[in-house]
Amino acid sequence: MTAPILQVEDLHVWFDLADGGELHAVQGVGLSLEPGERLGLVGESGCGKTTTALAIMGLLPPSASVAGRVKIDGRDILAGGEAAMRPHRWVDVAIVFQGAMNALNPVRTIGEQIVESLELHDRARGAAARARTAELLEAVGIPAGRAARYPHELSGGMRQRAAIAMALSCDPRVLIADEPTTALDVMVQAQILELLDSLCRDFGLALVLVTHDLPVVAQLCDRCAVMYAGEIVERGPLEELYHAPGHPYSRMLFAASPDLSGLDEPVVSIPGAPPRLDRPIDGCPFRPRCDSAFAACTERPQLQEVGAGHAAACHLNDRVLA
Amino acid sequence: MSAQPALLEIEDLVVRYPVHRGLVAAVTRQPRRTVHAVEGVSLSLRAGEMLALVGESGCGKTTTAQAVLRLVDPVSGSIRFDGRDLVPLGSRELRPLRRRIQVVYQDPYESLDPRFRVRAVVEEPLLIHGLGGSKAERAARVREALARVELSPAELYLDRFPHELSGGQRQRVAIAAALVLEPDVLVADEPVSMLDVSVRAGVLNVLDGLRRAGLAILMITHDLSTAARFAQRIAVMYLGRIVEEGPAAEVVRNPQHPYTKALLSVVPRRDPRDRRQPQILRGETPDAVAIPSGCRFHPRCPLAEGRCTREDPALARPASAADGHRAACLLLPARS
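So the protein lines, in turn, are chains A and B. Just so we're aligned, residue 1 is where the first sequence starts under our numbering, counting upward by one. Just so we're aligned, residue 1001 is where the second sequence starts under our numbering, counting upward by one.
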């Protein structure tokens, strides 16, 4: 087993609310990523998956407070604050966001923006930076001649490619892609997923794919972490998550999306809504929506091994393991 | 079922939008350009049926729906509803018919007035159309509409504001506001694409229940899995044309047109063992201003031959397809 590049341990994030309260958005998340590995981070809106990604990048807004450890090559970069984060941001870990239009500056050409990020990080200057920009654009499937285009002159798919090229400008080893295809058409989505797949294969890039779309993760990732109400409720190899889920939430999430290969299967929504995170949660956070809750669920379950590299936070597993 | 006459029959619908030229272009007398949004679309929809209109952004699916709602004026073609052509009708004549064709939009965060309580949102269409009789009768119809979208007991929802509801509940309120007028046809434009995966199925099952109870639903979607699971018929659009149309299960299991085949191949499956080689089309849907010659799909088609650049294929039943299943491709041997 190779040493992980990125480890997240017992990560907590709180947001100060206007009314003086606190929202506990991330509640003890742990993740680990090896070189070249692809991890899906999945859950409903508000489950804390994007907040986790922003905390890893050190890009949380000032209203947030963080605790826990984010380790690059085994060394914690969270405790040292911005000074400790800065040398790693974009250099070791980079992020692409959902709406590429918001990530790109509308009044600069995409080429200028990539050159700027190369110069800012002392990667290259002048002609060398422009040559490197052309290389980066070609690597993501944009003809280098389009470097002089403004973001609004590109289609949604091309903008997302440009945002990926910019994220790759410092040769990061980990790319976090936050809903990279959500606003795109199916065929363009397929093109972007194919690009992410080839970047991982050809450059050994490790990927964290943050999404609510389980089928997309099933097609692209090796492992998956399912988040609910700020915590990881199950993580493991995707095949196990689909064929032998250790948490009812994972099973119900898979069953909630219609699938071309199972047209006769019922598509069932998950009743209710996730709990509020601005007050303490009693027992298992999924209990009110769960189809298999029983007496033990009034106590909060801990993440425990249910198979090789497969863990789930559900009391149903206590019985099986006992 | 096929003996039943169609409730809505669209024939040869053409919708074009002029492109704004700008001052310089106008002064220098550059030719006026046109977006060919919908070019000769024919569809029919029966009571108790859901027809899914599927395609990528810019293919003309939403324009087709807007023409049905008479929110845009077609250049030519007819839209017969219950035997009457809607196209030549003026706004006064349309008014009583509008009650019978209602719409639900994609984003329930935008479509509901944030200052209105649920009660007022659902009651408003009755007031606008001068229906529903007394206050008590209207209140009863509002409750009934909420029950049909499974928001019950109504007391839990009537006095809430949209921001107090989840996305799925908001979309149900939007559907209730359409149902309160007891329409015959519901146009649903991407009704679940803004919602969380966990609640999408609930809204789709509500629509399915309404369909079973006799409502005709025209669903606009880019999601083939949803179309395949919930619709009875699927029509696939590309650049303003229907390229394939037929019973949903037939279109999905035995696709004929190369575009449909490619679209189906890129739909992610939820089983990680079920990874397929996607057949990814290069480039993007061309601009509807500069329509390719011949078959509109030929520049991206993996099978295109010389004649595909010259001849424009018509929808026909291929030899390898079942009854009621048609595709527009020159390379498909026609049924002799």
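No wet-lab data here; the hints were simulated from the structure. Honestly, I wouldn't trust all of these hints.
[As the list claims (entries may be wrong)] Where chain B lies over chain A, by a calculated footprint (3+ residues, C-beta under 8 Å):
#, region
1, 57–71
2, 213–224
3, 266–279
4, 295–307
Beta carbons: idealized from backbone N, C-alpha and C, even for Gly.
Here's how the hints hold up against the structure:
1. 57–71: violated (count 0)
2. 213–224: holds (count 6)
3. 266–279: holds (count 6)
4. 295–307: Three-residue rule not met by the region 295–307 of chain A, so violated; n is 0.
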